[in-house]
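Engineer: What follows is each chain in one-letter form.
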Amino acid sequence: MTRPRLRSPLARFVLVRLAATGLLLLVISFVVFALLHLTPGDPARNLLGPKPQTPELLASIRAKYHLDESFFRQYLLWLRNVLHGDFGTSIRSDTAVTTLLSERVLLTAQLAAMAFVLTVGLAIPLGIAAAWRAGSGFDRSLSVGAIVGVGAPTYAVGLLLLYVFGVWLGWFPVYGSGDGGLDRIWHLALPAVTLAAGIGALVFKLTRTAVVGELDQDYVAFAVSRGLSRRQIRSIVLRNALIPITTSLGLVFAFLFGGTILVEVTFALQGIGSLLASSVTFKDLPVVQAITLLTAAVIAFTALAVDLLYYAIDPRVRKQQVR
Amino acid sequence: MRRPALTPIIAGVPLAVVGFCAIASGWLVPNATAQDILTGVTPPRTPGHPFGTDQLGRDILQLAVAGSRSAVVGPIAIALGSMLIGLLLGSLAGYIGGGLDLFLSKYADLLLALPTTLVALVVAGLVDGGYWVTVLVLTVLFSPTDIRMIRGAVLAQSTRPYIESARVLGLPRRRIMFRHILPNVLPVALTTMLLNIAFALVAMSALSFLGLGVGPGVPDWGRQLSDGRNLLGQNWGAVVLPGVLIIITAAAINLMGDWIQESFERRASRR
Numbered sequence: 001m002t003r004p005r006l007r008s009p010l011a012r013f014v015l016v017r018l019a020a021t022g023l024l025l026l027v028i029s030f031v032v033f034a035l036l037h038l039t040p041g042d043p044a045r046n047l048l049g050p051k052p053q054t055p056e057l058l059a060s061i062r063a064k065y066h067l068d069e070s071f072f073r074q075y076l077l078w079l080r081n082v083l084h085g086d087f088g089t090s091i092r093s094d095t096a097v098t099t100l101l102s103e104r105v106l107l108t109a110q111l112a113a114m115a116f117v118l119t120v121g122l123a124i125p126l127g128i129a130a131a132w133r134a135g136s137g138f139d140r141s142l143s144v145g146a147i148v149g150v151g152a153p154t155y156a157v158g159l160l161l162l163y164v165f166g167v168w169l170g171w172f173p174v175y176g177s178g179d180g181g182l183d184r185i186w187h188l189a190l191p192a193v194t195l196a197a198g199i200g201a202l203v204f205k206l207t208r209t210a211v212v213g214e215l216d217q218d219y220v221a222f223a224v225s226r227g228l229s230r231r232q233i234r235s236i237v238l239r240n241a242l243i244p245i246t247t248s249l250g251l252v253f254a255f256l257f258g259g260t261i262l263v264e265v266t267f268a269l270q271g272i273g274s275l276l277a278s279s280v281t282f283k284d285l286p287v288v289q290a291i292t293l294l295t296a297a298v299i300a301f302t303a304l305a306v307d308l309l310y311y312a313i314d315p316r317v318r319k320q321q322v323r
Numbered sequence: 324m325r326r327p328a329l330t331p332i333i334a335g336v337p338l339a340v341v342g343f344c345a346i347a348s349g350w351l352v353p354n355a356t357a358q359d360i361l362t363g364v365t366p367p368r369t370p371g372h373p374f375g376t377d378q379l380g381r382d383i384l385q386l387a388v389a390g391s392r393s394a395v396v397g398p399i400a401i402a403l404g405s406m407l408i409g410l411l412l413g414s415l416a417g418y419i420g421g422g423l424d425l426f427l428s429k430y431a432d433l434l435l436a437l438p439t440t441l442v443a444l445v446v447a448g449l450v451d452g453g454y455w456v457t458v459l460v461l462t463v464l465f466s467p468t469d470i471r472m473i474r475g476a477v478l479a480q481s482t483r484p485y486i487e488s489a490r491v492l493g494l495p496r497r498r499i500m501f502r503h504i505l506p507n508v509l510p511v512a513l514t515t516m517l518l519n520i521a522f523a524l525v526a527m528s529a530l531s532f533l534g535l536g537v538g539p540g541v542p543d544w545g546r547q548l549s550d551g552r553n554l555l556g557q558n559w560g561a562v563v564l565p566g567v568l569i570i571i572t573a574a575a576i577n578l579m580g581d582w583i584q585e586s587f588e589r590r591a592s593r594r
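Protein sequence lines, in the order shown, are assigned to chains A and B.
Following this note's numbering, the numbering of the first sequence begins with 1 at its first residue and continues without gaps.
Following this note's numbering, the numbering of the second sequence begins with 324 at its first residue and continues without gaps.
Isolated chain A (complex conformation):
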């Protein structure tokens, strides 16, 4: 609080966080750009891919990606293009990266959204219920289930679900992503459950720990001895426990994006995650760079949103100095 020029603490908070997010993304964009030069081999040849490596084509690639400029200037030129929404051309399919991404982003977003709804809708209520009956059989069986769920790898769970419900029982489709609407939901059900299982177990554990921790607080004992109704105590406890739960939701997003890669590959879905996996194998650098940077941006802005939400929920944060 050395220079309190901005009167509104909220505005200050938002500005500081925005600046930090921007700085972080700038650093990440530099690393992502450097991937081109970290990849073994001549960048021009890497960018040319399997096309015949004639001197003319190599020269045109060098000119297009400014490979004869200094490293830092190359970065600035690349960054300018990126900020204008131009991530270059995919080596493998020879189409603009943005076109490639826009064809696939919807599926990944739908998958992530379904998994998110499943996670939040099931794990948090179950975590609260388990904490309320801490030590009971209900709580213990859920907790052991969560330990297994946290450790269980997405793709193994996915393949087992695919075998049992897709091949064996035949309730769900084994391939494809459906024609939109309900058909899409039906096709994405198994992938979304798979994606939600591991993250849901984590959120369940966090929720349970948070609520149990609050129930141990002195104010709860005080409220009970004052004769407050169970419902009143419940609402106070939940309000306080909500704080760590909300911050954990930022973590959920980072998890979701790592998870979509595996789930999309497992279920052969044509989304952003499977595109990244195949692009890495193919060394399709412009696509890899674009997906990495966009994912970083989504995660960074989610973290920002969570911070703001935190600010809204917890009055103590508002009182504190903004670092």
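Be aware that a few hints might be false.
Okay, the calculated beta carbon distance ranges per label pair [stated by the list, open to error]:
{"id": "1", "chain 1": "A", "residue 1": "ALA34", "chain 2": "B", "residue 2": "ARG368", "range": "50 to 58 Å"}
{"id": "2", "chain 1": "B", "residue 1": "SER586", "chain 2": "A", "residue 2": "ARG73", "range": "58 to 66 Å"}
{"id": "3", "chain 1": "A", "residue 1": "THR209", "chain 2": "B", "residue 2": "LEU509", "range": "22 to 30 Å"}
{"id": "4", "chain 1": "A", "residue 1": "VAL174", "chain 2": "B", "residue 2": "VAL396", "range": "28 to 36 Å"}
{"id": "5", "chain 1": "B", "residue 1": "SER586", "chain 2": "A", "residue 2": "PHE138", "range": "20 to 28 Å"}
{"id": "6", "chain 1": "B", "residue 1": "LEU423", "chain 2": "A", "residue 2": "ALA305", "range": "24 to 32 Å"}
{"id": "7", "chain 1": "B", "residue 1": "LEU379", "chain 2": "A", "residue 2": "SER141", "range": "36 to 44 Å"}
{"id": "8", "chain 1": "B", "residue 1": "GLU585", "chain 2": "A", "residue 2": "ILE236", "range": "28 to 36 Å"}
No wet-lab data here; the hints were simulated from the structure.
The structure displayed is predicted, hence computed values, not measured ones.
Don't be surprised by glycine CBs; every beta carbon is placed ideally from N, CA and C.
Go by the hints and put chain B onto chain A.
Structural biologist: Showing chain B alone in chain A's frame:
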């Protein structure tokens, strides 16, 4: 507290079996990768092949036994390596504090926010480094958890009365750190390491599922799963066996870690 001592048995038996397989796989299944194109894919319960064979005629059970080696070696290396980083940087951050602490904490926060699968996939995939590069990348990505845990444990110890009195007695800082704080931090280090082994196992086999990590032909559970994915209709054993193995092993390590953590806490509270 009331949890019966059943956990170490339930978790210990599968771990002992997997550990034994990893050590003795060369002797147990010397011909695990032997191909038999003529046999091709066979379903489970084929005579001589309890879990059937894959498209190259390799026995699924033998491959899975042999695959326990890469499932154990890499994750243990990752957990040890990241704990080494964690002990070094975490104790520095916790004990010296100040600007170094702030810097290391921010560094750990940054690494922690990265989706592990994505970063490991991109870095290890573009560099083409094989098994040990993947291990190295994951070691770096796993270290922030260790740094944080050790930092927290060091901070918790350094306000205890016995450390205060050691300080008052004028013991050198290095002696306090290594002789007094560090031994009390080791239980935390041990449980964190165990949990990291489970996460590393999942991450490593995820990468080999995506076609990275182990080289072609090397037996590995993740690789087996991605091969078996295409055989779902012909031989369910090719997916179910390695899938169940990864889930059971990871769950057993997690249960064991949880149990050890609780017994340490119980011992500490009894004192």
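Engineer: Work down the list of hints and note, for each, if the structure agrees.
Structural biologist: Quick rundown of the hints versus the structure:
no.: 1; hint: A:ALA34 x B:ARG368: 50 to 58 Å; verdict: holds (53 Å)
no.: 2; hint: B:SER586 x A:ARG73: 58 to 66 Å; verdict: holds (59 Å)
no.: 3; hint: A:THR209 x B:LEU509: 22 to 30 Å; verdict: holds (24 Å)
no.: 4; hint: A:VAL174 x B:VAL396: 28 to 36 Å; verdict: holds (34 Å)
no.: 5; hint: B:SER586 x A:PHE138: 20 to 28 Å; verdict: holds (24 Å)
no.: 6; hint: B:LEU423 x A:ALA305: 24 to 32 Å; verdict: holds (31 Å)
no.: 7; hint: B:LEU379 x A:SER141: 36 to 44 Å; verdict: holds (42 Å)
no.: 8; hint: B:GLU585 x A:ILE236: 28 to 36 Å; verdict: holds (29 Å)
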